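Colleague: Chains as they are written, first to last, in UniProt numbering: chain A, 1 to 368; chain B, 1 to 412.
Everything labelled a hint here was simulated from the structure, so no lab data went into it.
Since we're looking at a predicted model, the values are computed, not measured.
Any given hint could be a false lead.
[Unchecked claim] Label pairs and their calculated CB-CB ranges:
hint, chain 1, residue 1, chain 2, residue 2, range
1, B, N275, A, V359, 51 to 61 Å
2, A, V163, B, E49, 19 to 29 Å
3, A, G81, B, E216, 24 to 34 Å
4, B, S66, A, W244, 51 to 61 Å
5, B, I73, A, L50, 31 to 41 Å
6, A, G81, B, A75, 30 to 40 Å
7, A, D80, B, D77, 18 to 28 Å
8, B, E159, A, Q315, 54 to 64 Å
9, A, V163, B, G48, 16 to 26 Å
Cβ coordinates follow ideal geometry from the N, Cα and C atoms, glycine included.
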Amino acid sequence: MTETRTAPPAGGGAPSPRPARSGRLRPPRRRRPTGAEETRAGWLLSAPALLALLLFLVAPVLMALWVSFLDWNGQSNPFDGDQEFVGADNYRRLLAEDTLLHRDFMVSVRNTVYFVALNVPAVTALAFALALVVNQRILKGRGFFRTVFYFPSITSSVAVSIVFLFLFQGSGAVNGLLALAGVDGPNWFTDSRGVLHILMAALGLTEPGRTPEWAGGTLGGLPLWEWLSGPSVAMCAIIALTTWASSGTFMLFFLAGLQNIPASVYEAAMIDGASAWQRFRYVTLPLMRRSVTLVMTLALIASWQVFDQVYIMSQGSPAKTTLTPAYLSYARSFGDGQFGAGAAMAFVLFAIIVVLTVVQRWIGRERD
Amino acid sequence: MRSHPVGRVGAAAAAGTCLALLLTACGSGYGDTPEGDGALTVLFGSSGEAETAAVKAALAAWSEESGVPAEAIPAQDLVQQLRQGFAGGDPADVFYVSPDLFQQYAEGGSLYPYGDQIEDVDDFYPALRDSYTYEDELYCVPKDYNTHALVINTDLWEEAGLGDDDIPTSWEELAETAEQLTEGDRVGFALNGDYNSAGTFMLQAGGWFVNDDNTEATGDTPENLAALDYLTTGLDEGYFSFVKDIDAQSGSEALGRGRAAMVMDGGWVTGAFDNDYPELNWRAVELPEGPGGQATTVFSNCWGIAEASGDHEAAVDLVRYLTSPEQQQAFAEDFGAVPPRESLADWTAETFPEKAAFAAGVDYARGQVPVPGFMSVLNEFTTGMQGVAAGSAEPADVLAQLQRDGEEALGE
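Next up, chain A with everything else stripped away, as it sits in the complex:
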């Protein structure tokens, strides 16, 4: 908390008014508050926020943690002791045993790994590009474009999902465009074929619809060949939607980062004769490192929590290739009445996200 005492930003900002050193007017003397009083005031002032956090964040999390150790059907009070306490059974069934729950979860993890691998780089690049565009001084109507690019972020995800359903229909606009280019588009939301499988078959490495011998094993209850499927065609449509819909918010993060770079740095680079590309590569990019790390971290977290699009568009189909952990947790809880398993899944998901975020922050850390 000491960082906040550093010097004010170099450029801009009104100069802080200094007290006039005249002998005639002296402010009335006040007793300085003691440390204890300051502490009390601090707690008092932060109490409302703290209470809200406890009530709406910490308490529900602890309650869910308790539920994850129960065999609870969601029809009674989970705190009255009538439910069977099953210890780590839910976690064991989820992670260690060859159950349908375990297989479903591994499928959803597989799907999400590919989701992350495509969505995170794509949304980072797109948002960065958009921010660079709207940060241009010479661009006319910057305000207009900023609004337009930000628009998907404030549009209801339900509405966006339904529009995408129409766009990606077999006879929809996307396939219409592809047809203009002479490509026979797939039946997007019913095509469960993995993109990597299609690619490998197209390159003649494998036979379509058949598992090659070298991929015969299983990993975590799922055949190796299934792990290597890549995102399904249906999942690609959902990834496209998510990338498009979240780019606006991340553009704002980048825009804030770009505007924090003092113009003098660019001027110095120009005097040194740096080209536009060199200015971007050696000035902008290094200075934007923290923004990039931030956006990638947030995109990673959001990717593991995808729910609405799946709930509205596909409910996990075709062939469970759009099943995500968040949706599976919901389906298990509300469909099968296995709230304990659903809650356990939520906590495993939480652990995955924490570990991945730590790893990513470690990779993206400032090195000197």
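Fit chain B to the known structure of chain A by using the hints.
Modeller: This is chain B only, laid out in the frame that chain A set:
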């Protein structure tokens, strides 16, 4: 940030106390049976404006008669809202319950069994009463029903030179007719491809997902294999198709857009045809017989009453009113709900001839699997069927998986 050690400990203690208080406060809302408040709430998943208006009108009429206020709440997501009510100890008094969730609710003690208080309960079809019976007790009475039937595009039918005598009555004839009607990118016969549609063929073959008492998994039986093999042959030959594979969301869309000449679907197609394809000429006939005889799946909802409701007497009285023959006739006329009473069978057939085939199936139908935890099993089976259609899975493997998953869900 500076802070006194004492202050910090004190603050932590205070925060801990706060949290404990919060948790108990959150917990205390659960489980108390609310006192009857002399008014009823009715939560229902509506099929559209017509149903919402009809239910509201019926409730208003009953309130007028009984003097008890009743509020209709059309649900956005019935299952979720209902569960929130159960968990919070304050559910709606009366609500729709589907067979696949019925047993979960009955087992969990959320439903008030009132079947024995309905005087003429024997008038409701046995297949429907079975769906809502748990441990020999009828918990709730059906509100309406539908079954799978064969829906035909009559223009294409006549174009192919087919007449009334050609309506398929066996699996062989269905395959032949479908082959005859397949042309270009139009398939002869399309079905949804989910567990419900495959299940209907399994019933016709004499198989099913579970045994008669719903206590044992019967996934990998020869009967089920016969059903899947029959479907697979048709899919491979190209005269059967799952609707999603011909770019349709439902059977009615596949038929309406001319992508299929015949589809298997439920009575809800009538509404879809009226709204989306008013020009379409169609008729519905009963499904052909399989090797195991005539069979179909019946879909329904019942009027559940919450155990936690404080107004059981008024709620039962309301349900009695809503399921009376007169009110069921009104619902049938308002939004097409098929009356679940045998005494109304003739009236239904005369008044709605286009629905006769859907209504008739109930005599030999079976309801959806009610076993808790089976939804995931059936979804996995649907995934397997998609694999079969895509040629990447074998029917026998899919059924073996169904057997393992079924045993797991039933705790065998």
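Colleague: Taking the numbered hints from earlier one at a time, note which ones the structure violates and give those numbers from smallest to largest.
Modeller: 8
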